[in-house]
Structures are given as C-alpha cells and as structure tokens.
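This is what each chain is made of:
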Amino acid sequence: MAAIRLDVRLLEPCEPLEQILTTLNTLSNGDYLHVLHRLEPFPLYKILQQHGFKWIVISISPDIPIELFIWRENDVVAYQAIQDL
Amino acid sequence: MNTVQLSLQQTPSLDVPLRFFLTAPIFAMLAMLLWLIKGETLFINRWSADVLAFTHFFTLGWMLQIMSGALLQLLPVLLGVTFFKSKLWSTLIHTSLTLGTLFLTGGWLFELKILLQISYLFLLFGSIILVSILSFGLLKSQNTSPILISIRLALIALIITLGLGFILLTLFAFSVHISNPIYITKLHITWGLIGWTLLLIVGIAYQVVPMFQITPPYPHYFSRSFAPFLFGILISWTVGIPLDVMLIFLTTSFAIVTLDIQSKRLRKLPDITLSFWRFGMLSLIANALFYLTGYVWDFPQRELFQSVLFIGGFILPVIQGMLYKIVPFLVWLHLTNAQMDLTKKIKVPHMKQIIVDKWQRWQFWLFLIFFFIALISIIFPNYFAYLAAFLGLSAFAFLEYNLMRATQLYLNIRNQINRIQKD
Numbered sequence: 000m001a002a003i004r005l006d007v008r009l010l011e012p013c014e015p016l017e018q019i020l021t022t023l024n025t026l027s028n029g030d031y032l033h034v035l036h037r038l039e040p041f042p043l044y045k046i047l048q049q050h051g052f053k054w055i056v057i058s059i060s061p062d063i064p065i066e067l068f069i070w071r072e073n074d075v076v077a078y079q080a081i082q083d084l
Numbered sequence: 000m001n002t003v004q005l006s007l008q009q010t011p012s013l014d015v016p017l018r019f020f021l022t023a024p025i026f027a028m029l030a031m032l033l034w035l036i037k038g039e040t041l042f043i044n045r046w047s048a049d050v051l052a053f054t055h056f057f058t059l060g061w062m063l064q065i066m067s068g069a070l071l072q073l074l075p076v077l078l079g080v081t082f083f084k085s086k087l088w089s090t091l092i093h094t095s096l097t098l099g100t101l102f103l104t105g106g107w108l109f110e111l112k113i114l115l116q117i118s119y120l121f122l123l124f125g126s127i128i129l130v131s132i133l134s135f136g137l138l139k140s141q142n143t144s145p146i147l148i149s150i151r152l153a154l155i156a157l158i159i160t161l162g163l164g165f166i167l168l169t170l171f172a173f174s175v176h177i178s179n180p181i182y183i184t185k186l187h188i189t190w191g192l193i194g195w196t197l198l199l200i201v202g203i204a205y206q207v208v209p210m211f212q213i214t215p216p217y218p219h220y221f222s223r224s225f226a227p228f229l230f231g232i233l234i235s236w237t238v239g240i241p242l243d244v245m246l247i248f249l250t251t252s253f254a255i256v257t258l259d260i261q262s263k264r265l266r267k268l269p270d271i272t273l274s275f276w277r278f279g280m281l282s283l284i285a286n287a288l289f290y291l292t293g294y295v296w297d298f299p300q301r302e303l304f305q306s307v308l309f310i311g312g313f314i315l316p317v318i319q320g321m322l323y324k325i326v327p328f329l330v331w332l333h334l335t336n337a338q339m340d341l342t343k344k345i346k347v348p349h350m351k352q353i354i355v356d357k358w359q360r361w362q363f364w365l366f367l368i369f370f371f372i373a374l375i376s377i378i379f380p381n382y383f384a385y386l387a388a389f390l391g392l393s394a395f396a397f398l399e400y401n402l403m404r405a406t407q408l409y410l411n412i413r414n415q416i417n418r419i420q421k422d
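So the sequence lines, in the order shown, correspond to chains A and B.
Residue 0 is where the first sequence starts when you use numbering that gives the first Met the number 0, and the numbers rise one by one after that.
Residue 0 is where the second sequence starts when you use numbering that gives the first Met the number 0, and the numbers rise one by one after that.
Next comes chain B alone, as it looks inside the complex (with noise of 0.2 Å):
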C-alpha cells in the first residue's frame, strides 16, 4: 500500500482568523465614509493624500487584513502547515496592521507627518512577523502542490510589495528624497495587485474552488504553470519589458478557466459564493477588454475607471465570496471539535446554517448595486458619488453584521459545551 507520510497539524484557535475577518469590514467601511464626506470631490486628484487613505484603507485595512487571517487559519486546516505559537504572532499582527493602518490613513487625512511616522513603526513591525511566519510556515512545508507554489509566490511579491512602500513612505513622513516616486508607486501597485493578490487568490483558488463549489480541480497544466509564469512576466515587466498585454491576458485566462470549471460543478446548487466569484470573473474579463480598447478609445478616468473595475469588481467580490465560505466552515469545523468529547452532544447548525442565506443573497445584491453605482459615479460624480459611498457603506455594514451573527452562534454554542464540562 502506498501511503503517504503526514504531519499532524495544531489547528488555531478561532480567534486568530476572525479578529481579522471582522477588522477587515470596518476598514471598508471606514473608506465609505470617507467618500461620503468628500462626495465628488474624492477623486479629482488621485495622487491625493485623500485617495491614498482611501486605498490604504482596502489595500492595508481589507485585502492584507482578510489574506492574513486566512494564511494563518486556512494553512494550517486546509494543508497542514504549521505555524509555531500562532495565536500570539497573529494578536502581534493584527494588532500593528491595525494601528499602523489607523495611523497611516489618519496622517495622510489630517496632515500629520508624527502618525505616519508612528504609522511606519507598527506596519515594519506587523510586515516583518507576518512576513517572517508565513515564511517560516511555507518553507519547513514539504509540500509542492501548485497551491503552495503560487502562495509562496504571492508572499515574495508581498515583501516586495512592502518594501516599494516602505520606500515611498519615508518620503511622506520624513520627507526623505527618493528618486522617481511615481515610478516606484507604479512598481508598488502592481505587485500589490498582480503579484500579491492575484497570486494568492490564485492560490486558494485551487483549494477553494473544487472543495466548496465541487468541481473539477484546475486543469494541471495551468495550476502548474499559471504562477511561476505571471511571476516571470512581472519581473520581466519591472525591468522594463513591455508585457502589459501578456500580464492582461494571464489574468483573464483565470478568469476563464475558473468561469470554465465552475460551469463543470459536479452538483449545481445555488450557491452564494459561487454568484461572487462568477461575478469577479466576469470583471476580471470586463477590466482586459476595457484595457485593450484603450488602444482605439480613450476616456479621461480610464484608469480610475479600471482600478474600480478590478478592485472593487474583482478583489472585493471574491474575497467576500471566500468568507461567506471559510467562517461558516471554521465555525463548524471548532465548535464539532468542541463537542465531539462530549457524552450529551450538543448539535452543531449545519455549516449552511450560520450564516443566513437569506442575509447572504441580499448582501450580495446590495454590494452589486453599489458596485455599479460605483462605476457610474466614476463618470458622472456629481450625481452619483454620495449614492455610491452610502450603498457601499451599507454594503460592507451588511457583511459586517452576517459575520458577527456567526460569531454570536459560535460563542453562544461554545458556552453551551462549557457549561456541560464543567457539569
């Protein structure tokens, strides 16, 4: 017989993840406010110390917030990798991203050079144990499944993500002079976004996918080779090769082949993770498209209009997607583990039911509502930019609260199985 060797795996307790899960919305919603309180005026200038805030809070607050809560848990659960005293590092993380973001956005809204210097200290801190557990945690891993492959790319490319913003912020808080600013914040967003996220995403992509939507796995020939070749084209770009449309044409061909294997599910039943990643795909595609009638027409917020369509139409949707699905299934996963020792069992809700579908569904509407009035807006802002923030505020709201109810049953059954132990 031919087995295969494994390492038993220390889950985390629940708490590591969903301090992150539930800091993440609030960031969201804090960018929302923002945009209701400067209205059309947010984004006339996007180098704007406004704008910066503004993305920071989704790019600090929600995508590094979420994607780090789900490395620490789902490492661990899903692939048996294994992070040493991982409750203390994640309080340790989660804590610094969450001030140092706090402080990076409140200097740049204020105008305080002291909170971005102090924002500078937490995120170094926060970036170097996140960056140095992950590490540790995927280099002692013997495994070389695409997934481990993309996901340990994707941390390359959040070092190199870090360290390009590292560089530009001691130009904002200690006004020291670095040569080619945009050129640099150029570099920083695209890692930040092609290398980073999209490489991560990817990555729990082919976990995520055929486990929760049952389908087929990602077809091996691209699973093997759709991370190391990204990777190489994004080098290659940040030396100066002009591969824009190669880097375009890569993250459509995720968006198709996932659009391709979600259409082969092996049981199709309706499913709200499944509207959102769909959702994100058909983006994903509508971002490429829109970029390569650039080349024959061309409108002053193109690239506005095209950070929406890939953040907020693609990153957003997607990641929601995966927490609609990974909380549920953390809930369930501990609190059966609570009670399996358990003579009087206590029955644990199915996972489909601690988060209502109900709640589920409409917050998946709201949030394309206010995705398209978000596009709208982009072009017609005075009409449309107070609509857009409050039905986004709303929308991040309404997640905020469908994750707090699963944390309440969670809580509220776990008391139940103290109870009977202690008894």
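If we strip away everything but chain A, and leave its shape as in the complex, we get (with noise of 0.2 Å):
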C-alpha cells in the first residue's frame, strides 16, 4: 500500500493530465494517486469515470489550490487509507 505523489503545479496542459494518466497505469492494490494541481481538471473527471476511478478533490491551501486522490474503484484499502488521512 503506498501513496504516490505527484506534483503537477508548473506543468503546461496536456502535461498534468499525460502524467496523471500515466501514473493510474501504475496503481498496484491498495495504492492511491495524490495529485497536487494549480486548477481544477475538469477533463479528467470524465476520463476517471470511464475507466474506473474514484476521486477527491479538496481545496484548502493557497499554496495548493488543488489537491486531488484518486484510487481504483474496488480498491477498498486504498479508499480507507484516503480516509484516514
């Protein structure tokens, strides 16, 4: 079980995306996806939804204007980690 983390903040689009896109083939159980991201991906959504994902998104530090979490749909450990956060 591990967190990955990836920071995205002073990627150009379609970078942020190619990235995270990537790192979600990686996944092993139990493992989750952090993103930290200067706007909201809209796009993504869409994406996460048709293969399978589940996300977070919050929003509490100015430094940080988008946290993402991200873990595979029937990934109950992952999905519990996240929530012990």
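Any given hint might turn out to be false.
Stated by the list, open to error - Pairwise CB distance ranges, derived in the manner of DEER restraints:
id, chain 1, residue 1, chain 2, residue 2, range
1, B, Gln-352, A, Gln-49, 19 to 29 Å
2, A, His-33, B, Thr-237, 47 to 57 Å
3, A, Leu-9, B, Gln-420, 33 to 43 Å
4, A, Pro-61, B, Tyr-182, 42 to 52 Å
5, A, Ala-2, B, Phe-304, 55 to 65 Å
6, B, Gln-141, A, Leu-9, 36 to 46 Å
7, A, Gln-48, B, Ser-262, 36 to 46 Å
8, B, Leu-258, A, Pro-61, 20 to 30 Å
9, B, Asp-259, A, Gln-48, 34 to 44 Å
No lab work stands behind these hints: they were computed from the structure.
By construction, the Cβ of each residue, glycine as well, lies at the ideal position given by its N, Cα and C atoms.
Each of the two chains sits in its own frame; use the hints to bring them together as a complex.
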C-alpha cells in the first residue's frame, strides 16, 4: 500500500493530464494517487469515471490550490487509507 | 476531509467547437477580400454599406463564431458547466450564424433588401438558440467563480448588443423608422466591443492565462471586482453619465494586470499565445494613450485608427492566441480519451506537436506586419490599402491552414483508433 504523490503545478497543459494518466496505470492494489494541481482538472473526471476510478478533490491551501486523491473503484484498502488521512 | 461536490460533465464532441473555429477565419478572409476589391475607397465613409459589411464579417463572422464555439466547448471542459444536446444546438447555431452573416453582408454589399430580411430571420433564430442555451447552462451552474461572473455579465451584454443590432436591422431591412439610429449604433458598438467581447475575453483570461501560460492567478481583488465594475460603468454610460475615461482606465487596467502576471510566469518558456496576448495588451494600452492624447491633439482618422487598434490590435490577436492553445488542447484531449480503452495504444502527439510551432510563429509575424501596415493605411490609404488587405488575407489564410492541419491530424489518428476498435 502506498501513496503516490504527483506534483503537476508547474506543468503546462497537456502534461499534467498526461502524467496523471500514465501514473494511474502503475497503481497496485492498495495504492492511491495524490495529485497537487494549480487548477481543477475537469477533463480528467470523465476519463476517471469511464475507466473505473474514484476521486476526491480538496482545496484547503493557497500554495496547493487543488489536491486530488484518486483510487481504483473497487480498492477498499486505498479508499480506507485516504479516509484515514 | 473537506470534499468538493462535483458534477460529471459530458464533453461535447470535437466537431462542436471546430466548425466555429474553422469558419471564422474564412469570414476574416472575406473581409480582407472586400478590402482588396474596394482598396483605398473602403473607409472613406464609415457609415457606408461596405464598411458595415466589413465590420460584421469580423464581429459576427469572426468574433461571435469563435466565442460561441469556445463557450460551448470550454465551459463543459474547463468549468464543468453542462449543456443539454450541445451537438444539435451548436449545429443550428453555427448554420444560422453563418448563413445570417452571409445574407447580412451580402444584403449590404449588393444593396438587396431581401437578403437583409432573410438575414434577420437566420440571425434571430441563431441568436435566440445561442443565448438560450448559454443562459440555461450558466444559470444552472452553481459555480460563483469570477470567471463565471464575468461570462454571465458578458452574456447579458451580448443580449443587449444583439437587441440593439436587431432594432438597427429593422431600419435597413424593413425601412422601419427608428428614432436616433446614430445613438443606438453607438450603444450597439460599445456594448458589443466593451461589454460582450471584452468581458468574455476577461472571463476566459482568468482561466486560460494561468492555465496555459503558467502564471500566478489574477489578483483576487481584480478578478472579483473588474467585471461587475465595468458592467456598472457601461450601464451608467448608457444612461448618459459621461464615464468614457473610466471605461478607458478599466480596459487599460486589465492589460496592465495581465502583463504583470505574465511577467511572473512560473516557467519562462517561449510561447506563441503569450506573444499574441502581450501584443494584444500593448495595443489596448496604446489605444488608451491615443484616446487620452485626443484631448490635446486630433487628426481626422482618429476614430478609425482607434478601431483598428482595438479590434485589429487587441481582439484579433488575443483570439488567435487562444485558438492556438484551445484547438491543440482539445485535439489532444479527445484523442487521449478515445484511445484510453485500447489495449494496443496509439501514440497521441503532444499538444505542442499538433500545430507546428514554426508555422504558428510565422503566422504571428505575418499578422503583425499586416496590423502595422493596416494602421499606416488608415493615414495613407492611397499607398497602403491594397498591401494591407493582401497581407491580412494571407495572415488569415495561414491561420485557417494551421487549424485545418490540426483537424486533419485529429481525423487521421481518430481513423486509426476506429480501425483498431473494429479489429
């Protein structure tokens, strides 16, 4: 089980989306992806939904305007790990 | 954990915005063809039918087309605003606007009232659908970001602009008497350029500049107050309070703030959109300076000169800069989305490879040369009008070519994906 952290705040479109999608392919059971983003990535959500991922988006820090937690829909362990944060 | 509730949006298919984006340069080319035919005589009388056709090739054929396409695609993609049956509506809007603009300009150019009457129907039909679908989507959205506040106010300004335009068109098309048409024309122009166009560009800039140019966000005090303040000033100006200088001050403040955040880019990479936008902002400042010098020094072509500065120097480059980001981004996004399900992946080109950088840069320089020659031709039409028109025609044809190449690349890769899906 691991949290994979991905900081895409300084990347130009389409690199953030590209990196997120590439990293999602590497998620093992229990893993979740923690993305630090400058803007809310609306185009990503449809892709996540179509490919069986769930996500939570939070916005609590001015330095990190958007934080995303993404996990596989059926991965209870990853979901629990995010809930425990 | 503080979660934000999100609604899932349906990204409209790529042909929804592309049909608008690919049509718009053709109208700009038609405007340049008209200039090429009429030469130095085109702008002799600013109220002539030829000038009306020329300006509406840009305002309806270029600006309204691109902005409709951008709103129908960008609001769902970037902000999660949903439009019901967007493909159907956008087909109707695009067809009505295109035919309406052709009949309108044709009616003026060939002095045929019947064409103006037909244009009235097409434009009214297209406008009602456009305004309804945008209003429905924007009102339904719970989003209260400065972006949407600005876009909502821009939409109100569009409704006012179109309403005034239709009043004026009844005069041309049906010879209905209207009182004070010059005053209504002035309102129509100001609400169209400052209200609708500027407010929309500002709203889109809040999203697009930080996102694509990797700048800090617009300052909170600015993004929260600019659009409501500008809208309030426009209303006050409309009812007769002389606030022209305030309008100039506000438009300049947008240029200065944009240049400021662009100077603080977090990654300083060369970028053609940045060049277009910087040039646009400098033109906006130059326009303000020319306006202010008008109090102490005047020349006969001042109004026309400032129109070229505002439309040719600000609106046209900013929109072209936007197209060079939006089109490759949407092509990349749709291709990436389409190939996600495939086990045998197809290489989707990086966004920067979708329109060759060198061609964008050449087109930018060609446009810049056109713009300066166009400015000079206002003062010396006998010598420079034909050259300006020819350069403008070439610059917009080059833009169309670049956008067509991006479309062709999309279609080629999309066909490969379809073939694999069939296998």
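Evaluation of the provided hints:
1. Distance hint check for B:Gln-352 and A:Gln-49: the Cβ-Cβ separation is about 25 Å, which falls inside the suggested range of 19 to 29 Å.
2. Hint check: A:His-33 to B:Thr-237, Cβ distance near 51 Å, so the stated range 47 to 57 Å holds.
3. The hinted window of 33 to 43 Å between A:Leu-9 and B:Gln-420 holds, with their beta carbons roughly 36 Å apart.
4. Range check, A:Pro-61 to B:Tyr-182: about 47 Å between beta-carbon atoms, so the 42 to 52 Å window is met.
5. Hint check: A:Ala-2 to B:Phe-304, Cβ distance near 60 Å, so the stated range 55 to 65 Å holds.
6. At about 30 Å, the beta-carbon gap between B:Gln-141 and A:Leu-9 misses the expected band of 36 to 46 Å.
7. A:Gln-48 and B:Ser-262 have their C-beta atoms about 39 Å apart, which keeps the hinted 36 to 46 Å range intact.
8. Restraint check, B:Leu-258 to A:Pro-61: a C-beta distance of roughly 23 Å satisfies the suggested window 20 to 30 Å.
9. A C-beta distance of roughly 38 Å is found between B:Asp-259 and A:Gln-48, which places it inside the suggested range of 34 to 44 Å.
In this structure, only the earlier hint numbered 6 is contradicted, and the remaining ones agree with it.
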